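Using the sequences provided together with the hints, build the complete structure.
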Amino acid sequence: MALPNHLTVLRIILSPIFVVLFLSENVFFKQLSLLVYVIAALTDWYDGWIARKFGRVTPWGRFMDPLADKILTSSAFISFASLGLVETWMVVTIVIRDILITLLRSYAELKNKPVITTKGAKAKTFIQMSFIYYLLFAYVTDLSFKGVNFKLSLLNPTLIYWVMLFVTLITLWTGVAYLYDNWKIIKTFYVAAGKRASESA
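Numbering (the UniProt record's numbering), first residue to last: 1 to 201.
None of these hints come from the bench; they were simulated from the model. Where hints are given, some of them may not hold.
[Claimed, not checked] In silico SDA-like cross-links for lysine to any residue, where the CA-CA straight-line distance does not exceed 25 angstroms:
1. K184 <-> I170
2. K53 <-> K151
3. K119 <-> V19
4. K119 <-> N5
5. K184 <-> A81
6. K119 <-> S130
7. K119 <-> L23
8. K122 <-> M64
9. K30 <-> V9
10. K70 <-> D142
11. K122 <-> I71
12. K184 <-> L165
13. K53 <-> F63
14. K113 <-> S130
15. K151 <-> A81
16. K113 <-> Y180
17. K70 <-> F126
18. K151 <-> W45
19. K122 <-> Y180
20. K119 <-> L67
21. K70 <-> L152
22. K70 <-> E87
23. K70 <-> A123
24. K122 <-> F29
25. K30 <-> G84
26. K70 <-> S153
27. K151 <-> V19
28. K111 <-> L100
29. K53 <-> V19
30. K119 <-> K30
31. K122 <-> V95
32. K30 <-> I13
[Claimed, not checked] Simulated DEER-style distance windows between Cβ atoms:
33. E25 <-> L172: 31 to 39 angstroms
34. Y161 <-> L110: 17 to 25 angstroms
35. L42 <-> W89: 16 to 24 angstroms
36. L83 <-> K122: 50 to 58 angstroms
37. G84 <-> K122: 43 to 51 angstroms
38. W89 <-> L159: 12 to 20 angstroms
39. T102 <-> A123: 14 to 22 angstroms
40. W45 <-> L103: 24 to 32 angstroms
All values reported here derive from a predicted model rather than from experimental measurement. We treat Cβ as the ideally placed atom computed from N, Cα and C, and that holds for glycine.
Shown next as structure tokens:
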């Protein structure tokens with residue numbers, strides 16, 4: 001297995017480790033979760049850079065790299081929701097969207113018609129990551145200075161709600177765009193499913 005693919009697997013492994021640390025009651029472990037998340041996110045940049053620079057892009061990597069991103073971001077959002085930092089329905093919406101797109105990518109790979117990650121999807125990932133970094137940093141670090149607690153302002157529920165809503169809408173929009181751009185693949189799936197249903201009837 002090529003190094004970029006090893007880094008992708010590492011990102012997946014680090015995701016549950018991040019969740020355990022972040023949800024821990026121990027302050028040090030919570031702070032450590034920020035470091036784990038940063039390392040996991042850096043593997044995304046580094047494996048992509050290696051794959052492109054040295055021509056190590058593989059079908060496995062094309063599929064697993066965005067899947068690893070989804071696992072990492074979903075782990076963070078689910079953790080945030082479990083602590084009441086973000087709305088659960090928004091997280092459920094994002095996770096369902098990611099599952100549907102992953103199923104689409106899986107089917108496309110089986111048909112040798114890989115779904116290419118669009119610029120819109122990359123922008124979505126950047127926005128998600130930026131928000132996650134913000135929320136993580138604000139939640140796990142001590143932001144008091146000269147008796148003033150800045151954490152309360154940064155974790156303002158109204159601010160978090162509207163930013164998370166924006167992230168959710170962007171995620172939905174890219175999901176709809178994926179479905180529209182790959183409608184022919186989806187159509188072949190329904191045709192094949194219809195044939196199997198009629199044959200088994």
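Hint check results:
1. A hinted pair counts as satisfied when its Cα atoms are at most 25 angstroms apart, and K184 with I170 qualifies at roughly 23 angstroms.
2. Our distance criterion of 25 angstroms between C-alpha atoms is broken by K53 and K151, whose separation comes to about 41 angstroms.
3. Of the pairs offered as hints, the one joining K119 and V19 is violated, with about 29 angstroms between alpha carbons and a cut-off of 25 angstroms exceeded.
4. Distance restraint check for K119 and N5: the Cα-Cα separation of roughly 22 angstroms lies within the 25 angstroms cut-off, and the hinted pair is therefore satisfied.
5. Between K184 and A81 the alpha-carbon distance is near 36 angstroms, which puts this suggested pair outside the 25 angstroms criterion.
6. Simply put, K119 and S130 have alpha-carbon atoms about 16 angstroms apart, close enough for the 25 angstroms limit, and the pair holds.
7. Straight-line distance between C-alpha atoms of K119 and L23 comes to about 33 angstroms, which puts the hinted pair past the 25 angstroms bound.
8. Between K122 and M64 the CA atoms are separated by roughly 15 angstroms; this keeps the pair inside 25 angstroms, and the hint holds.
9. For the given pair, K30 sits about 23 angstroms from V9 by alpha-carbon distance, which is consistent with the 25 angstroms threshold.
10. For the hint pairing K70 with D142, the CA-to-CA distance comes to about 29 angstroms; that exceeds 25 angstroms, so the pair is violated.
11. For a cut-off of 25 angstroms, the pair hint linking K122 to I71 stands: about 15 angstroms separates their Cα positions.
12. A threshold of 25 angstroms between alpha carbons decides the hint, and for K184 with L165 the separation of about 30 angstroms lies outside it, so the pair is violated.
13. For the hint linking K53 to F63, the alpha-carbon distance of about 18 angstroms falls within 25 angstroms, and the restraint holds.
14. Restraint check for K113 and S130: the C-alpha separation of about 31 angstroms exceeds 25 angstroms, so the hint is violated.
15. Taken as a hint, the K151 and A81 pair is honoured in the structure, with Cα atoms around 18 angstroms apart against an allowance of 25 angstroms.
16. Taken as a hint, the K113 and Y180 pair is honoured in the structure, with Cα atoms around 15 angstroms apart against an allowance of 25 angstroms.
17. For the suggested pair K70 and F126, the alpha carbons sit about 12 angstroms apart, so the restraint of at most 25 angstroms is met.
18. At roughly 29 angstroms between alpha-carbon atoms, K151 and W45 are farther apart than 25 angstroms, so this suggested pair is violated.
19. A C-alpha spacing of about 17 angstroms is found between K122 and Y180, which places the hinted pair at or below 25 angstroms, so the restraint holds.
20. Taking the CA atoms of K119 and L67, the gap is near 16 angstroms; set against the 25 angstroms cutoff, the hint holds.
21. Between K70 and L152 the CA atoms are separated by roughly 29 angstroms; this puts the pair beyond 25 angstroms, and the hint is violated.
22. About 18 angstroms separates the Cα atoms of K70 and E87, which keeps this hinted pair within 25 angstroms; it holds.
23. Among the hinted pairs, K70 with A123 is consistent with the structure: their alpha-carbon atoms are about 14 angstroms apart, no more than 25 angstroms.
24. For the hint linking K122 to F29, the alpha-carbon distance of about 30 angstroms lies beyond 25 angstroms, and the restraint is violated.
25. Using a Cα cut-off of 25 angstroms, the hinted pair K30 and G84 holds, with the two alpha carbons roughly 16 angstroms apart.
26. For the suggested pair K70 and S153, the alpha carbons sit about 29 angstroms apart, so the restraint of at most 25 angstroms is broken.
27. Distance check on the hinted pair: K151 and V19 sit about 21 angstroms apart at the alpha-carbon level, within 25 angstroms; holds.
28. About 17 angstroms separates the Cα atoms of K111 and L100, which keeps this hinted pair within 25 angstroms; it holds.
29. Taking the CA atoms of K53 and V19, the gap is about 32 angstroms. The hint is violated against a cut of 25 angstroms.
30. Of the pairs offered as hints, the one joining K119 and K30 is violated, with about 33 angstroms between alpha carbons and a cut-off of 25 angstroms exceeded.
31. Between K122 and V95 the alpha-carbon distance is near 17 angstroms, which keeps this suggested pair within the 25 angstroms criterion.
32. A hinted pair counts as satisfied when its Cα atoms are at most 25 angstroms apart, and K30 with I13 qualifies at roughly 18 angstroms.
33. E25 and L172 have their C-beta atoms about 34 angstroms apart, which keeps the hinted 31 to 39 angstroms range intact.
34. Look at Y161 against L110: about 40 angstroms separates their beta carbons, and that is not inside 17 to 25 angstroms.
35. Take L42 and W89: their Cβ atoms lie about 31 angstroms apart, and the range 16 to 24 angstroms is violated.
36. For L83 and K122, the Cβ-Cβ distance of about 28 angstroms falls outside the hinted range of 50 to 58 angstroms, so the restraint is violated.
37. The given range of 43 to 51 angstroms is broken by G84 and K122, whose C-beta atoms sit roughly 30 angstroms from each other.
38. Range check, W89 to L159: Cβ separation about 18 angstroms, and the 12 to 20 angstroms hint holds.
39. Distance hint check: the CB atoms of T102 and A123 are about 19 angstroms apart, consistent with the given range 14 to 22 angstroms.
40. Between W45 and L103 the CB atoms are about 26 angstroms apart, so this pair conforms to the stated range of 24 to 32 angstroms.
Going down the numbered hints, you'll see the structure goes against 2, 3, 5, 7, 10, 12, 14, 18, 21, 24, 26, 29, 30, 34, 35, 36 and 37, while the others check out.
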